[in-house]
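2 protein chains.
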Amino acid sequence: MNEITSLERRPDGGPGPIRRTALHDTLVSHLRDMIIEGDLLPGTRLHEGQLGEQLGVSRTPLREAIKYLASEGLVELVPSRGAVVKRFSAKDVHDMLTVLQTLEELAGKLACEAASDAGIAEVRALHDEMVQRYKAGDRLQYYKLNQQIHSAIVQLAANAALADMHAVLQTRLKRIRFIGHEGPEKWAAAVSEHEEMVVALEARNKAKLSEVLGRHLMNAWERVRDAV
Amino acid sequence: MNEITSLERRPDGGPGPIRRTALHDTLVSHLRDMIIEGDLLPGTRLHEGQLGEQLGVSRTPLREAIKYLASEGLVELVPSRGAVVKRFSAKDVHDMLTVLQTLEELAGKLACEAASDAGIAEVRALHDEMVQRYKAGDRLQYYKLNQQIHSAIVQLAANAALADMHAVLQTRLKRIRFIGHEGPEKWAAAVSEHEEMVVALEARNKAKLSEVLGRHLMNAWERVRDAV
DNA sequence: CTTTTGTATTCTGTATGCAGCATTTTCTGT
DNA sequence: ACAGAAAATGCTGCATACAGAATACAAAAG
Chain C
58 MNEITSLERR PDGGPGPIRR TALHDTLVSH LRDMIIEGDL LPGTRLHEGQ LGEQLGVSRT
118 PLREAIKYLA SEGLVELVPS RGAVVKRFSA KDVHDMLTVL QTLEELAGKL ACEAASDAGI
178 AEVRALHDEM VQRYKAGDRL QYYKLNQQIH SAIVQLAANA ALADMHAVLQ TRLKRIRFIG
238 HEGPEKWAAA VSEHEEMVVA LEARNKAKLS EVLGRHLMNA WERVRDAV
Chain F
58 MNEITSLERR PDGGPGPIRR TALHDTLVSH LRDMIIEGDL LPGTRLHEGQ LGEQLGVSRT
118 PLREAIKYLA SEGLVELVPS RGAVVKRFSA KDVHDMLTVL QTLEELAGKL ACEAASDAGI
178 AEVRALHDEM VQRYKAGDRL QYYKLNQQIH SAIVQLAANA ALADMHAVLQ TRLKRIRFIG
238 HEGPEKWAAA VSEHEEMVVA LEARNKAKLS EVLGRHLMNA WERVRDAV
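Line order of the protein sequences matches chains C and F. Count along the first sequence from 1, then add 57; that gives the number in this note's numbering. Count along the second sequence from 1, then add 57; that gives the number in this note's numbering.
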């Protein structure tokens with residue numbers, strides 16, 4: 058079941074303008090997911106003919122999607138030899154986390170200034186939900202909510218450029234973090250850091266929030282360093 | 058003279074593997090330049106037929122290039138209505154400068170740790186050249202060297218992710234800064250800041266370099282705020 | 001047996017053709 | 001004369017077709 062056509066139209070016949078997504082756009086999301094979830098491993102060549110047939114799509118929109126992902130940094134374009142899924146070294150991952158850390162520190166500062174109370178409440182809600190998942194041992198949902206919280210804080214900063222850069226790096230790292238399974242004690246530490254984060258945000262304590270976010274990502278490196 | 062074919066082969070017959078650039082790749086650079094230099098103003102629709110004919114290229118590689126630029130954030134894709142050159146609000150520009158500031162502060166720190174003496178010397182050379190252009194009143198060359206210096210410092214940080222993010226933002230801002238003409242006194246101040254930067258780098262003074270880079274971009278906002 | 005060269009196949013890169021959507025123009029009714 | 005509808009035009013989105021490059025394979029030479 059990898060046909061792409063099923064994704065083209067929304068399943069519900071709900072109101073509002075019917076979704077009119079372009080195929081290349083759908084393909085971008087689809088391929089991105091395939092890369093993140095490991096269906097396409099690093100170093101894999103993206104075979105236009107084969108991949109297109111597998112997804113039930115012609116080469117043209119597929120190529121367009123690949124170009125888009127290339128600019129995003131998920132695939133690499135080799136002249137006359139197509140595209141391959143980009144492989145990240147340990148240093149690459151460390152570099153990305155370093156930049157992400159800086160960006161989130163900035164996001165923390167800005168969020169404390171710009172966030173609405175409602176926005177902060179949403180983060181709190183996400184966090185509480187995440188803690189529930191943690192206690193239930195549901196790693197996948199925990200992981201997703203974790204990412205959502207970080208994205209939400211960045212959103213609160215109300216800085217489009219920051220959100221862009223953060224999203225790109227987060228996407229590039231998803232594949233890694235998806236794999237990086239941490240032990241119970243480190244997991245607990247991560248949850249504890251998150252609690253600190255939300256408290257600092259609610260107090261609109263810029264310095265504190267920024268510090269915790271930075272520390273959190275330093276520790277993230279510890280957690281994934283073995284996986285790469 | 059807008060034919061694209063002339064750019065396909067390298068002019069020199071130098072050694073090494075002959076350049077074999079794909080057309081869509083060439084188009085990305087070409088369109089990017091057209092946007093930055095104002096040949097394509099914000100809000101302009103990128104007409105596939107017309108633009109392709111003008112450049113002597115068929116629609117397929119052109120469309121691929123546009124998708125790439127869309128991911129880079131220079132153009133916006135409107136479903137069923139093609140692509141338009143993205144328009145940036147004053148807030149957008151301010152947001153971008155804020156992020157750029159943070160990134161360059163980080164770059165400064167890392168560069169002081171990781172840079173080779175030779176690398177630092179190159180920045181010094183660029184700076185001296187820039188000062189010459191400044192004294193000669195050659196705004197265009199000054200501007201280009203200015204950008205080169207910032208890029209060079211980021212390169213010295215030896216962090217690929219940082220370089221990526223920096224390049225994207227710098228590209229998005231080029232169009233703005235290209236326009237933003239500053240008065241003589243502000244121009245002098247900018248040059249003076251650059252001098253401080255290079256001195257701090259040569260001394261490998263992390264805190265100082267970081268501070269000057271940050272201040273420099275704060276001032277950059279002052280210089281361009283009227284232009285947007 | 002190894003190396004090299006010629007050939008065949010496969011895949012990318014580019015062009016073109018066709019269908020559907022958006023927009024504009026024209027026609028018709030009031 | 002004006003408003004609304006219908007037709008016509010132009011453009012995008014996707015598929016297909018064709019040309020050229022890269023690789024794999026096989027045969028021949030050392």
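Just so you know, these hints were derived from the structure itself, not from any lab. Glycine included, each C-beta is placed from N, C-alpha and C at the ideal position. One thing to keep in mind: the hints can contain errors.
To be verified - Some chain C residues flagged as far from chain F (calculated, every beta-carbon gap over 10 angstroms): (1) T78; (2) H81; (3) A127; (4) D149; (5) D152; (6) T155; (7) Q204; (8) L226; (9) R261.
As the list claims (entries may be wrong) - Straight line, CA to CA, 35 angstroms or less: simulated DSBU-like cross-link-like pairs of lysine-lysine: (10) F/K263 to C/K243; (11) C/K148 to F/K243; (12) F/K166 to C/K166; (13) F/K143 to C/K263; (14) F/K148 to C/K143; (15) F/K263 to F/K192; (16) C/K263 to C/K231; (17) F/K192 to C/K166; (18) C/K166 to F/K243; (19) C/K231 to F/K166; (20) F/K263 to C/K143; (21) F/K192 to C/K148.
Here's how the hints hold up against the structure:
1. Under the 10 angstroms C-beta cut-off, the non-interface status given to C/T78 relative to chain F is violated; the minimum distance is some 7 angstroms.
2. Here C/H81 does not stay apart from chain F, with its beta-carbon only about 7 angstroms from theirs, under the 10 angstroms limit.
3. With a closest Cβ-Cβ approach of about 7 angstroms to chain F, C/A127 is found to fall inside the 10 angstroms limit, against its non-interface label.
4. The Cβ of C/D149 sits about 6 angstroms from the closest Cβ of chain F, inside the 10 angstroms cut-off, so the non-interface label is violated.
5. Not every Cβ of chain F is farther than 10 angstroms from the Cβ of C/D152; the closest lies at roughly 4 angstroms, contradicting the non-interface assignment.
6. Chain F draws C/T155 into its interface by the beta-carbon criterion, the shortest separation being 6 angstroms against a cut-off of 10 angstroms.
7. With a least beta-carbon separation of about 18 angstroms from chain F, C/Q204 lies farther than 10 angstroms from that chain, consistent with its non-interface assignment.
8. Separation of C/L226 from chain F is inadequate, the least Cβ-Cβ distance of about 6 angstroms not exceeding the 10 angstroms criterion.
9. Once the 10 angstroms rule is applied to beta carbons, C/R261 is consistent with being away from chain F; the minimum gap is 19 angstroms.
10. Annotation: proposed proximity of F/K263 to C/K243 holds, straight-line Cα distance about 32 angstroms (limit 35 angstroms).
11. Proximity of C/K148 to F/K243 is assessed by CA-CA distance (about 40 angstroms); at most 35 angstroms being required, the pair is judged violated.
12. Between F/K166 and C/K166, the direct Cα distance comes to roughly 20 angstroms. Compliance with the 35 angstroms bound is thereby established for this hinted pair.
13. In summary, the hint linking F/K143 to C/K263 is supported, as the alpha carbons are separated by about 33 angstroms, within the 35 angstroms threshold.
14. The straight-line distance between the Cα atoms of F/K148 and C/K143 is roughly 34 angstroms, inside the 35 angstroms bound, and the hint therefore holds.
15. The straight-line distance between the Cα atoms of F/K263 and F/K192 is roughly 29 angstroms, inside the 35 angstroms bound, and the hint therefore holds.
16. With a C-alpha separation of about 27 angstroms, the suggested pairing of C/K263 with C/K231 holds against the 35 angstroms cut-off.
17. A hinted pair counts as satisfied when its Cα atoms are at most 35 angstroms apart, and F/K192 with C/K166 does not qualify at roughly 40 angstroms.
18. The straight-line distance between the Cα atoms of C/K166 and F/K243 is roughly 29 angstroms, inside the 35 angstroms bound, and the hint therefore holds.
19. Of the supplied pair hints, the one linking C/K231 and F/K166 holds, its CA atoms being roughly 27 angstroms apart against a limit of 35 angstroms.
20. Restraint check for F/K263 and C/K143: satisfied, since their Cα atoms lie roughly 32 angstroms apart, inside the 35 angstroms limit.
21. Distance hint between F/K192 and C/K148 is unfulfilled; the C-alpha atoms sit about 42 angstroms from each other, more than 35 angstroms.
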